[in-house]
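Number of protein chains: 2
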Amino acid sequence: MTVATHPQNIGIQAIEVYFPKKFVDQSELEKHDGVSSGKYTIGLGQEKMSFCDDREDIVSICLTVVQQFMQKYNVDYKQIGRLEVGTETIIDKSKSTKSFLMSLFAESGNHSVEGIDTTNACYGGTSALFNACQWMDSKAWDGRLALVVAGDIAVYASGNAQFPTVDGPLSVISYIRALDYAYLDYLKKLENAGVESPSLDSVDYLVFHSPYTKQVVKAFGRILFNDFLRNPTAPQYAEIYTQFSEETLESSYNNKLLEKAFINLSKSVFTAKTNTSLLAARNIGNMYTGSVFFGLASLISSVPSSELQGKRIALFSYGSGCAASIYSFKVVGDVSDIASKLDLVARLNDRICVTPSQFENIMSLRESTHNNAEYSPTGSVDELFPGTYHLTSIDSMYRRKYELS
Amino acid sequence: MTVATHPQNIGIQAIEVYFPKKFVDQSELEKHDGVSSGKYTIGLGQEKMSFCDDREDIVSICLTVVQQFMQKYNVDYKQIGRLEVGTETIIDKSKSTKSFLMSLFAESGNHSVEGIDTTNACYGGTSALFNACQWMDSKAWDGRLALVVAGDIAVYASGNAQFPTVDGPLSVISYIRALDYAYLDYLKKLENAGVESPSLDSVDYLVFHSPYTKQVVKAFGRILFNDFLRNPTAPQYAEIYTQFSEETLESSYNNKLLEKAFINLSKSVFTAKTNTSLLAARNIGNMYTGSVFFGLASLISSVPSSELQGKRIALFSYGSGCAASIYSFKVVGDVSDIASKLDLVARLNDRICVTPSQFENIMSLRESTHNNAEYSPTGSVDELFPGTYHLTSIDSMYRRKYELS
Ligand SMILES: CC(C)(COP(=O)(O)OP(=O)(O)OC[C@H]1O[C@@H](n2cnc3c(N)ncnc32)[C@H](O)[C@@H]1OP(=O)(O)O)[C@@H](O)C(=O)NCCC(=O)NCCS
Ligand SMILES: CC(C)(COP(=O)(O)OP(=O)(O)OC[C@H]1O[C@@H](n2cnc3c(N)ncnc32)[C@H](O)[C@@H]1OP(=O)(O)O)[C@@H](O)C(=O)NCCC(=O)NCCS
Chain A
136 MTVATHPQNI GIQAIEVYFP KKFVDQSELE KHDGVSSGKY TIGLGQEKMS
186 FCDDREDIVS ICLTVVQQFM QKYNVDYKQI GRLEVGTETI IDKSKSTKSF
236 LMSLFAESGN HSVEGIDTTN ACYGGTSALF NACQWMDSKA WDGRLALVVA
286 GDIAVYASGN AQFPTVDGPL SVISYIRALD YAYLDYLKKL ENAGVESPSL
336 DSVDYLVFHS PYTKQVVKAF GRILFNDFLR NPTAPQYAEI YTQFSEETLE
386 SSYNNKLLEK AFINLSKSVF TAKTNTSLLA ARNIGNMYTG SVFFGLASLI
436 SSVPSSELQG KRIALFSYGS GCAASIYSFK VVGDVSDIAS KLDLVARLND
486 RICVTPSQFE NIMSLRESTH NNAEYSPTGS VDELFPGTYH LTSIDSMYRR
536 KYELS
Chain B
136 MTVATHPQNI GIQAIEVYFP KKFVDQSELE KHDGVSSGKY TIGLGQEKMS
186 FCDDREDIVS ICLTVVQQFM QKYNVDYKQI GRLEVGTETI IDKSKSTKSF
236 LMSLFAESGN HSVEGIDTTN ACYGGTSALF NACQWMDSKA WDGRLALVVA
286 GDIAVYASGN AQFPTVDGPL SVISYIRALD YAYLDYLKKL ENAGVESPSL
336 DSVDYLVFHS PYTKQVVKAF GRILFNDFLR NPTAPQYAEI YTQFSEETLE
386 SSYNNKLLEK AFINLSKSVF TAKTNTSLLA ARNIGNMYTG SVFFGLASLI
436 SSVPSSELQG KRIALFSYGS GCAASIYSFK VVGDVSDIAS KLDLVARLND
486 RICVTPSQFE NIMSLRESTH NNAEYSPTGS VDELFPGTYH LTSIDSMYRR
536 KYELS
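These protein sequences, in sequence, are chains A and B. Going by the working numbering, the final residue of the first sequence carries number 540, and the count climbs one at a time with no gaps. Going by the working numbering, the final residue of the second sequence carries number 540, and the count climbs one at a time with no gaps.
Treat the hints loosely; a few may be bogus.
Note: identical chains are not told apart, hence a pair may lie in one copy or across any two.
Said to hold, decoys possible - Straight-line Cα separation of at most 27 Å, DSSO-like style, residue types lysine-lysine; simulated pairs:
(1) 323 <-> 213
(2) 395 <-> 465
(3) 274 <-> 446
(4) 274 <-> 465
Note that these hints are calculated values from the structure, not bench results. Predicted model, so just to flag it, every value in this text is computed and none were measured.
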C-alpha cells in the first residue's frame, strides 16, 4: 500500500476530451430551419454542432474518453483510487455510469475505487471535481489518483418528456442570476483570502459554462456590471454612469440596453480573458456538464503554456435547477503536454460535415429508438473516430453491449 | 465568517428518519397474492411494508425529513454549509433533489450550500456521507455543518420501463459477491490500522443494507464463511470443517447447504450484532439508499446509549450495479437524545394498516399517473403524519407544488 503523504497543489494534472465525429454547420442549419440568416451564428454565436447517432450513448462516450485518457497519459488503472462521474444523461434508471466504467478497470484487478455519479444538470462535473479534490485533501485519501468524468449527450427536443423540459428565456435569466450570486460569493472568498477590492481584474482568465457562446458574452458583460455596482464612480464607467447609476441586480435582468452597454464596455477584456476558452463551445455546441471543462481545454489549447504560468483561471459552472459556483486556481507547471495530447484544433477539423436533413434523420431515429429493448443500432461505425466505444446491441433486458472501433 | 478549526471526530451527530403512514401487512399480502403462507414473512423475513400514495414523491419526502430534522434538533438553516442527497428515485430528469430542498433554506438567506445529488442505486446515501465527511476533513470546509439526505421510494414493478428492471436471483448473488470484496477490503483497512487478525470479532455491531431481512441473515452467515476461509481450522468451525474445507468464494455462490450451515453457525452472533438493526427494515420494507441508515437508526433505538459507548459499528452499503463499501466508526458520546428524537417504535406503531387490495389500487394509481402533467393528486391528506410535505398539484410544465400538512 502506498503511504499517502499529504499532497501539495491538489488540482488538475491531465485532461482529455471527446466529441463525436459528425457535425452540422450552423449557417446551413439556419437555411434548413427557415430562420433568418445569422440567428444561430451571430444571435447565439454558434458555428458547428457535433452530435452522435444511435451508435453512441452516455456510457460509450464515457468509456471512450476514459480509455483514451488512460492510454494517452499512460496511467495504470491500478493508480486510480477515485472515479467520479458528473452527468445528467440517464440510461439506466439506477445503475451509475461509474459502474459501467468499472469494466475498464476489471483487467487490472482494481475493484476498489471510491466515488459514483453526481447529478445536477450541467453542474455535475464541477461537483465531481470538488468531491475528488476534497477526497484527496482528507484522511480518506489513500495516495492514489482521482479521475473525474464530465459527460453528456445534449439534446433539446420539444413535446417529448424524455428530454429535459426547457423554459428558454427563464433559464437564461436564471443563469445570469446564479452568476451574480456566485460572483458575489467568489469575491467574498477572495477578500477572505486577502485580496483587496477584488474584481474582474483579480482573475486572468474567466471560463464560463456555455449553452451557446452568445450567452457567455452576456455573462461577461454582467460580471462587469457587478463590478460597476461595487464601484460605480470608477473612471472606466464614466460614459455610462448616469444612464445606469440607479440600477440594481434585481431591476436589470430584463434590461436589454444595460446588457448591450456592458457587453460593449467589456469587449476588449472579454477578448483577453474569455474568448479563447470558447473554441470548443462554438464548434461543438452545448455539452452540459462537460461545457466548462471544454472551456478550460480550449484555453489551454489556445494560450501558450509559458503565458499561463502563475495565472489565475476562474471557472463559472452552472446547472439549471439551479446550482452554480465560481472557483479559481492558478496554473503551476507546464501544461504544453496537455495541449499537445488534447490536439483540439486538429481534432475539430477532422470531423465529418453532415447536411441538416441527414442530421434531422439521425435525431429522429435516436428519438424514436431511445428507450428500445432488443435493438441493434444502425449508425455507420466508419463515421466514428478511431478508438471510439460504440453500442452493438441492446437485449430484451435493456442490457447494452459495446465494442471499440 | 466562522473560523474553521479542524474538527475532531468527524461523524454523525444527529439522525432523523421518515416513512409513510400507510402500511400493508405481509401475511395478509401472502393470502391476497396467493403465495404460500410464510413466503414473505419467513422466506423474505418481512412483517409490514410502508408505502405512499400519489400525495408523496421523492421531493416531498426529502422536504419532510429535512424540515423535521432541522426542527427537532433546533438547527438553523444558516448553520448548514453542505447538503448532499443520495437517491435513485428520479422525478426531474435534470434538476437535483438538492435544488428542491434549497427552498427550505430560502427564508434564512443561506443560498451558499455545497453539494448536490449522488446516485448509484442504494449506494447513493453512503457516497453522500463520505463526500460530506471528506468535505469537513478538507481545506474546503468553512466551519459549517453538513446534512446528508438518503431518500427513495422503492417500487418493484414488472413490464414497466419506468421502474428499475430487476433480475432478482442475479441481484442477490451480486449483493453477496460485493459483500465478499467489501469485507476483504475492510479487513485490509483494519489491518493497516493496526488491528491484528481482523475478523467478525473486531466489530461490535454490523449493519447491512437490507432489501429484505432474510438477505441480511444470509449476508451475516457469509461474513462468517469469509472468516472461515481465512482461518478454517479454528475450533468454532470444527463441526463443518470437513464438509466445506474445499470451498472458495467463487465456488460457493449457489451452494445452499453452505449458506444454511453458516446461517446456523452464526445465529447467536447475528442476534447480538445485527438483529436489532433490522427493526425498521422488517417493518417498513426496502428503502434503497435509506436502508442502511434506517439500520443504524434501529440499532440506536434498540440498544441503550450506555451500552453503545466506545463500540465499533460497521455498515455494509450496497447498490446494484454495483457499488459497495464496508466502513466502521466508534460511538463517541451520548446517543440517547437521538434515540428519543427518532422515537422509532412509537412511530412505527402509529401507522395505518391498509388492506392488500387498497394497497394494490394505490399502486396502480401511482403507476398510471407517474409521469402526468396537469395532475391533482387524490390521496387523503388525513392519512399522512402531521408535518408531512405533500403534493398539491402538477402543472402543464411538470412543475410540482407542495404543502405542509
Ligand atoms: C436561448 C433561447 C431562449 C433563444 O430564444 P429564441 O426565441 O430561439 O431566439 P431569439 O429570437 O431570442 O434570438 C436569440 C438572439 O439572436 C438574435 N438574433 C435573431 N436572429 C438574428 C439574426 N438573423 N442575426 C443576428 N442575430 C439574430 C436575437 O436578437 C437574440 O439576441 P439577444 O439574445 O441579444 O436578444 C433559445 O435558444 C433556448 O431556449 N435555448 C435553450 C435554453 C438554454 O440554453 N438555456 C441556458 C441554460 S444554461
Ligand atoms: C428475492 C427474490 C429473488 C425471491 O425470489 P422468489 O422467486 O420470489 O422467491 P423464492 O421462491 O426464491 O423464495 C424466497 C425464499 O423464501 C422461501 N420461502 C418460499 N415460500 C416459503 C414459505 N411458505 N415459508 C417459508 N419460506 C418460504 C424460499 O425457500 C426462499 O428461501 P431461500 O432464499 O432461502 O432460498 C425476489 O423477491 C426478488 O427478485 N426480489 C427483488 C430483488 C432484490 O431485492 N434484490 C436485492 C437487491 S439489493
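Going down the list of hints, with the structure as the test:
1. Taking the shortest Cα distances, residue 323 and residue 213 sit within 27 Å of each other only across copies (17 Å), while inside one copy they are farther apart (40 Å).
2. In this assembly of identical chains, residue 395 and residue 465 lie within 27 Å of each other by CA distance neither inside one copy nor across copies; the values are 31 Å within and 59 Å between.
3. For a Cα distance limit of 27 Å, the shortest separation of residue 274 from residue 446 across copies, 21 Å, qualifies, whereas the shortest one inside one copy, 30 Å, does not.
4. Both within a single protomer and between protomers do residue 274 and residue 465 lie at most 27 Å apart by alpha-carbon distance, with minima of 24 Å and 16 Å respectively.
Checked against the numbered hints given earlier, the structure breaks only hint 2 and satisfies all the rest.
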